[in-house]
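Q: Could you build all of it, start to finish, from the sequences and the hints given here?
The sequence shown begins at 1 in UniProt numbering and counts up one residue at a time.
Among these hints, one or two may not hold up.
Claimed, not checked - Across the chosen pairs, the derived CB separations fall in these ranges:
1. Tyr8 x Asp207: 53 to 63 Å
2. Asp7 x Thr243: 52 to 62 Å
3. Thr66 x Phe104: 25 to 35 Å
4. Ser13 x Ser265: 46 to 56 Å
5. Glu158 x Arg56: 22 to 32 Å
6. Asp208 x Ser42: 45 to 55 Å
To be verified - Here are the simulated SDA-like cross-link-like pairs (lysine to any residue), alpha carbons at most 25 Å apart as the crow flies:
7. Lys209 x Val235
8. Lys61 x Pro11
9. Lys29 x Asp7
10. Lys61 x Gly90
11. Lys209 x Ile242
12. Lys61 x Gly144
13. Lys29 x Arg145
14. Lys29 x Val156
15. Lys150 x Val235
16. Lys286 x Arg211
17. Lys29 x Phe193
18. Lys29 x Arg44
Calculated directly from the structure, the hints in this document are not laboratory data. Just so you know, even glycine gets a beta-carbon here, dropped at the ideal spot from N, CA and C.
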Amino acid sequence: MKPAPFDYHRPDSVAAAAQLLTELGDDAKLLGGGQSLVPMLSMRLAFFDHLIDISRLEEMKGIEATGDTLRIGGGTTHATVGSDEQVRAGVPLLTRATPLIGHFQIRSRGTIGGSIAHADPAAEYGAVALALDATIETVSTSGGREIAAKDFFAGVWETAMEPDEILVGVRFPIWSGRCGFAVEEFARRHGDFAIAGAVAAVELDDDDKVRRSGIGLLGLSATPRRASAAEEAIVGRPVGDITAEEIGELAMSGLDDIPADLQGSADYRRRVGAAMAAQAWRAAVKEAFDA
Numbered sequence: 001m002k003p004a005p006f007d008y009h010r011p012d013s014v015a016a017a018a019q020l021l022t023e024l025g026d027d028a029k030l031l032g033g034g035q036s037l038v039p040m041l042s043m044r045l046a047f048f049d050h051l052i053d054i055s056r057l058e059e060m061k062g063i064e065a066t067g068d069t070l071r072i073g074g075g076t077t078h079a080t081v082g083s084d085e086q087v088r089a090g091v092p093l094l095t096r097a098t099p100l101i102g103h104f105q106i107r108s109r110g111t112i113g114g115s116i117a118h119a120d121p122a123a124e125y126g127a128v129a130l131a132l133d134a135t136i137e138t139v140s141t142s143g144g145r146e147i148a149a150k151d152f153f154a155g156v157w158e159t160a161m162e163p164d165e166i167l168v169g170v171r172f173p174i175w176s177g178r179c180g181f182a183v184e185e186f187a188r189r190h191g192d193f194a195i196a197g198a199v200a201a202v203e204l205d206d207d208d209k210v211r212r213s214g215i216g217l218l219g220l221s222a223t224p225r226r227a228s229a230a231e232e233a234i235v236g237r238p239v240g241d242i243t244a245e246e247i248g249e250l251a252m253s254g255l256d257d258i259p260a261d262l263q264g265s266a267d268y269r270r271r272v273g274a275a276m277a278a279q280a281w282r283a284a285v286k287e288a289f290d291a
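A: As structure tokens, then:
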């Protein structure tokens, strides 16, 4: 199928794009990598009179580490994120999550800003942003705004962004010390959205106790979720006293809106989610010990 007719706009700056978005209102949609939007337009699941192409705006791209923070421009492609050495050193969860996103053609065009703004509950970057307490930067004609990842995801394909805002960057804290990171997910086929998955980050102190942890879940709710109950239960405890099975069970507590579809029942997803959280925790702890 082909999309319904639309007018194409290609502004030369973020400011110009924001102005167009304000002027055109609900009839306009931003086009970044287009890996989610274009299929929806082609299947006529979405209709817009105007598309504002921001894919070539260089000010939307780039990766910069400053102190204990790594900032990634919203227009930076998945492929760039996955291959960047600053990302690998500062936010390993992004490096490990990237190969799980679709296929290489999608990663070559899709952007981190587009992925997070699209807010698919089964997408990897959203779970990483939650687990690491990332900050999302947006811009509109009214100025800039910062939104904590924990406040960003509102529902399936819904976020805290206003209709006239553009996601221009994401800031991730850089963890240091005895840290370990892992991403685990289960999908029917490589490249499919995961039925369920988990990302895990852990920092150990000199006594092998959990200093801090971050566990994000994907495919298990209407939004990416953070396994807060699991995190709170393990901080300060000797890591040797914590079993992976305990993490899996705790990670599933409080999930009362697990979806059921042709891929599996809610109970099936819960069991898969528990197994993925357990595997991710086990791998992250091993890496922390080896650090």
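Q: Find the hints from earlier in the document that the structure breaks and name them by number, from lowest to highest.
A: The structure breaks none of the hints.
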